[in-house]
Amino acid sequence: MATAVLPDVTERLRSLVGIDGVLCDPSDRFVYGRDASLFQRAEPRCVVSPKSTAEVQEAVKLCIAEKLPMVARGAGTGRFGSALSDGGVVFSTARMREIIEVNEAECFALVQSGMALDQLNWHLKSSGLVFAPDPLSSASCTVGGCIAANASGPRSLKYGDTRANLLGLEMVTWDGRLVRLGKPAEDDADAALMPQIVGGEGRLGIVTRAWLKLVRPPAAREMQVAFFGSLREAVETGRAVLQSPVSVCAVELLDRTVIESLESMFHCRFPKLVQAMLLVEFEGTAEKLAEDSELLRCLSKQLGAREIRQPKQAGDNRTFWAWRLRALPALCRFANTCWLLNVRVPVDCLLAVATQIAAIAEAHSVPLAHIVHVGDGLLHPVLMFNAAVPDQMQRARTIVDEIDSLCTAVGASLRTERWPGEVKPAADRPGTIAVESTSEGPSN
Amino acid sequence: MSTTSADSQPGDGTAVTSGSNPAELWSLVDKTAFRDCVHCGACVAGCPTFLETGSESDGPRGRIQLMQAVVEEQIKLDGAVQKHLDLCTQCRACEASCPFDVKYGQLFWTFRAAADKAGLAVRRTPPFEQRLVPRVFSRPDRLRRWIRPTRFAQRFRLDRILLASGLWRMMPGRWGRLLTLLPRREKRSARLPHVLPAKGKRRARVALFTGCMADALFRQLHWETARVLQENGCEVCVLRSQVCCGALHHQAGHLAEARELIEQNTRAFAANDFDAIVTNFATCGGFLRQYGSFDMSHFGGKDTPKDLEARRRLSARTGDVCEFLDSIGIVPPHGEIPVTATYHDACQLVHAQHVRESPRRLLGKIPGLTLTELPESDVCCGAHGLYSFTQPEMADRLGQRKLANIERTNADIVVTSDLMCLLHISRAARLQKRPLRVVHPIHLLDLSYREKPFRP
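Line order of the protein sequences matches chains F and P. The first sequence runs contiguously to residue 444 in the numbering used here. The second sequence runs contiguously to residue 456 in the numbering used here.
Keep in mind the hints are simulated off the structure, nothing from the lab. Accuracy of the hints is not assured; some may be wrong.
Said to hold, decoys possible - Below, a list of computed lysine-lysine pairs in the BS3-like style, where the Cα atoms sit at most 25 Å apart:
| # | chain 1 | residue 1 | chain 2 | residue 2 |
| --- | --- | --- | --- | --- |
| 1 | F | K125 | F | K213 |
| 2 | F | K51 | P | K83 |
| 3 | F | K125 | P | K365 |
Hey, can you work out the whole structure from these sequences and the hints?
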């Protein structure tokens with residue numbers, strides 16, 4: 001159990017960021033000891049919520065002087081416990097949510113790092129521009145968190161991950177320096193550092209402001225859902241779609257377990273006895289959409305689709321997206337614990353890895369579901385068990401270990417939270433068992 | 001930060017059963033609902049109090065974690081925890097944004113009821129909540145009598161003097177707040193008759209829910225609602241046996257009174273000779289729609305399957321007037337109202353009843369009216385029920401936030417479907433000395449139907 005920081009340190013922090021900006025009550029420390037991860041529990045000494053870059057820098061300097069470890073936190077939607085700190089100081093960006101500049105002519109926006117993605121895009125609506133990364137936690141997750149996790153989402157297939165949409169950033173490093181990279185610096189010397197910071201889980205410092213690239217998406221999007229009798233057919237169709245001239249922006253796959261859960265939760269009237277479902281979204285002008293839609297239909301049919309569905313009303317993709325968004329909630333209804341892993345694989349061996357992972361889980365008799373971003377080769381195996389039962393937890397851990405060695409063997413990378421009860425002190429940042437820089441994730 | 005002792009006595013003086021079995025103590029609380037929450041954080045950014053304070057403990061996820069920790073005896077229900085929980089505006093934005101369908105409202109109420117019962121809660125129950133709600137607010141006739149002095153003040157413009165000079169702050173208790181909250185005196189109007197016939201061919205027969213404060217302060221709006229419904233071929237009946245919906249009692253923790261009102265209304269609306277129960281204020285509508293989900297044993301009563309069925313039927317037939325009109329399709333209004341308006345989503349309409357588009361669609365049919373989008377239109381304005389009395393500071397902050405967003409739209413008027421929002425936003429504007437009209441969509445529709453000019 002960590003103790004709160006000394007009263008005089010609290011007072012000095014308060015004099016820097018304001019009375020409301022420092023939280024060190026037991027209840028606050030309890031709440032900030034959790035994020036969206038399953039097993040990580042910690043207790044920070046206090047939470048600091050600055051409002052500006054200058055305040056961040058001052059507070060960081062004070063923490064250095066007091067030898068307090070520091071961790072940055074956005075909205076706390078990360079699944080790997082990267083926003084937690086046991087015995088350290090949590091720097092929350094929740095009060096840094098300003099849009100400083102939107103430049104429609106040059107298509108960029110300068111925002112503070114605590115800005116939530118959906119809120120940002122709401123404000124951009126009138127200009128027709130968007131900040132493209134679309135992690136599924138976009139309702140809450142912050143720009144800073146996206147940068148730390150290099151977040152991506154279904155449409156990153158077309159628009160790229162956070163790194164591809166970032167022009168520059170301003171950050172306070174954990175040794176108290178103010179650093180500007182990319183656009184504002186106009187100096188490429190530091191540009192080499194960008195990959196270390198984007199996707200670096202906040203190891204180097206806390207991002208305070210970011211220059212974001214904005215894009216203008218085409219007017220219309222259309223969607224098609226195909227059901228398959230086997231996972232193989234679905235994956236192959238997905239790859240064929242990627243190679244076809246269709247201008248796809250998302251290719252998502254849900255396996256049988258997910259389909260069955262969705263069916264019993266929401267009565268979606270899926271066809272019976274299907275093994276996989278492929279959701280394809282494409283965009284463009286009206287003529288191009290009609291053309292693509294026909295092409296997709298032929299392609300899917302040719303590769304063995306049992307049934308193909310399109311929205312009843314053209315452009316109304318909400319129902320189909322709802323299936324994808326509700327995949328995890330649906331699974332959660334059927335298991336006490338749903339442990340979601342991130343496995344990034346070369347698209348060529350996606351099917352092989354998915355099948356082998358399923359086989360590993362089967363061997364240990366733990367149910368497993370697959371949610372897959374086919375487009376960028378990201379696999380989300382979901383282990384369904386009850387973490388409160390020691391035996392089941394043990395088996396789940398064994399499975400994850402085996403998946404980890406499988407990934408090493410085939411050149412894939414696994415990213416998940418570490419085991420419970422092994423939280424290291426904040427100085428060594430709580431992290432993941434293997435971090436690859438192009439990691440995706442519902443991010444902070 | 002206040003650190004009131006957890007052992008102090010609550011307002012209602014129930015015996016404290018210290019050392020009672022925790023399993024029994026929290027038996028009201030549905031623990032599986034905690035398990036439904038996987039702490040994904042999707043709800044956080046929509047929570048009004050989180051947006052204001054930036055503290056996770058003032059967000060829905062934090063509150064759920066705190067309640068769970070209290071129930072599981074990991075932390076004590078002390079003053080700080082209580083403060084985070086009390087700060088919740090009950091807007092239920094989190095429920096609307098939850099992909100896992102966690103019933104936050106239900107959880108919160110049962111938790112609070114259990115804590116109250118055990119005498120654990122350190123609730124500052126201001127006299128307003130304690131006495132005024134059950135005795136005055138729920139009875140339109142009494143409320144009218146009670147506010148007569150302020151009406152008198154308004155007639156002689158005393159209220160403006162109090163407001164302009166800031167002297168209202170010197171008034172004892174929450175009276176200053178009440179004075180600043182009261183709307184301008186409206187023309188005295190007669191009680192609505194029992195039945196108002198439909199114009200032209202009858203398309204539906206509806207019961208109009210009149211409520212308590214609504215009837216005392218906004219009877220004109222009831223007339224307007226009736227006229228608009230008549231215009232659209234609806235026969236409107238106004239049942240004499242209906243009473244206040246009980247939302248304020250429920251919020252203030254007067255569960256026994258709430259139960260009585262719920263039962264009276266269920267009896268009153270049991271008749272089957274109308275197609276829908278139409279409400280014009282979102283607070284009433286939202287609460288009536290919840291009737292079917294209540295378990296009367298939480299309210300200290302008993303429940304028979306028959307009663308439950310009757311309540312469910314009532315909830316299922318209740319609908320907001322805008323939603324109802326939009327669903328039957330309205331006769332296009334002719335009168336021009338050349339204003340720029342913006343629409344504020346009342347929490348009790350958008351989150352509790354999932355009505356978002358229909359008021360906007362109706363407003364869009366009024367000739368000459370331009371509707372601009374309000375940033376953060378569905379973030380609570382801090383008005384909900386008695387919130388502005390129990391948490392005046394946060395209510396004012398949220399009111400200012402709403403006002404600042406309204407300012408950005410350059411709209412002349414604000415349209416909203418709830419009485420509380422109407423009062424609260426007007427008050428915020430008045431205190432800032434900004435001329436801002438806040439009106440109900442039906443008011444504009446009625447003017448347009450009658451081809452009367454709108455005076456901002």
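Here is what the structure says about each hint:
1. F:K125 with F:K213: holds (15 Å)
2. F:K51 with P:K83: Roughly 23 Å between the alpha carbons, so the hint for K51 of chain F and K83 of chain P holds.
3. F:K125 with P:K365: Roughly 23 Å separates the two Cα atoms, so the pair holds.
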